[in-house]
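Starting from the structure of chain L, add chain R where the hints point.
Line by line, the protein sequences give chains L and R.
The first sequence finishes on residue 277 if you use our numbering, and the numbering steps up by one all the way, no holes.
The second sequence finishes on residue 141 if you use our numbering, and the numbering steps up by one all the way, no holes.
Read the hints as simulated data drawn from the structure, not as lab findings.
Fair warning: there could be bad hints in the mix.
As the list claims (entries may be wrong) - Simulated crosslink set (SDA-like; lysine to any residue; CA at most 20 Å straight-line):
1) R:Lys71 - L:Ala95
2) L:Lys12 - R:Lys71
3) L:Lys66 - L:Asp260
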Amino acid sequence: MRYRTYHDVPGKDRSQLAHQVAAQRARVTERLGAIDRVVAVMSGKGGVGKSYVASVLATAASEAGKAVGVLDADLNSPTVGRLLNAGPLNMTDVAMLPAVGDRGVRVVSSDLVLDEDAPLRWRGASSEEFVWRGTLEVGMLREFLADVEWGQLDLLVVDLPPGADAAKDLMTLIPSVAHGLVVTIPTEESRRSVARAIQAAQDVNMPLAGIVENMSAYHSPDRGEPGPLFDGDAGAALATEFDLPLLGRLPLRPGRSPADAVGDAPGLVDRVLERLL
Amino acid sequence: MKFLCIDCDAQMEFFDRQEPGDGTFAAAFACPTCGRRVAMLANPMETHLVGSLGVTIGGNTLDQDPLHLVKSHVEGAEGKLAGHGRPAWTPESRSRLDRVPSFVRGMVMKIYNEWAMERGISEITPDVMDEARVDLGLEEM
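The following block holds chain L by itself, in its conformation from the complex (with noise of 0.2 Å):
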């Protein structure tokens, strides 16, 4: 005896769960048409600054007259909540309110679900929790998006996760995203890491406005002078490698909040915007 197909029995699936899938991307769908550009601040390499650099775009644009939301998508690594000394996140019937940050800036970070210092724990089955854990992390971040009243923006910047594969998570969640801004430091680990990243990006189509080389020096509060902080040239060898602009270098002055720091690297700020908006 051969089976019908699933699709053979015209009854209906009383789960429907393709249609609630869908249903959920539509929800994702219809809070966006209130953004103007989605940003995806990316990098191969773990520790390169990425949400510094997200924090401080995000600050500059906000300052620049912008309205706009930072959506930190390290769930398990979350710092723009605290970059940007971030307010409490509020529940209504139907949203969440994202959190105030420095300059007005909208924040939602899984920093501010957690306990304090607490890492991201998942309810449920703990044996085999690699089997569903990818899932839960791309459901949380959808809820983060379609959940959250974030209102009108002009710009919402999403703090990626280290790690080749994070920009096609985002893309299949937001298909629209406009660019990527790829953060790389001057070493050759990081340029192999990243190059990593930006070929994952362009598998999935994702345009990327251009690189930022961060930690491009040091700042010593005793010296004058700033000095080199690692030996490489990594931001410029991957906008002539993936022929991308080499948007601008950002140096590192211990204890720079991101609002404070939009003056270090003159004109970075300006290039950046100016591709993104």
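Okay, now just chain R, sitting in the frame of chain L:
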């Protein structure tokens, strides 16, 4: 997922769902022609895997609460999202906080938050900041 009665070649109809324990999900179906009944039992891992999609298993409810998946799956999130978290800052108080040097701003914010939470204050206004400063002896902040 659809259930087919082989003998009748008819799609079975849903009539009950239960979560009897240990993470098992049960859905029961009956054949509209012969009345044969079956129950599908999903093991806890299967239940959790489908639940991680953020969908309603065994039903078709689409109007879930906002942050339904975060509240139900992330430890500690439900309390934070139920309004028991840190107090809200009004735009006026935020503007005042922005005038504090950035390297101590986070610490100052934490001091105000803790002071307000201890008193059950849900919103920090400039008046609340003034009261806290006097109470804590922080007139310079």
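Enumerated hints in conflict with the structure, sorted upward: 2
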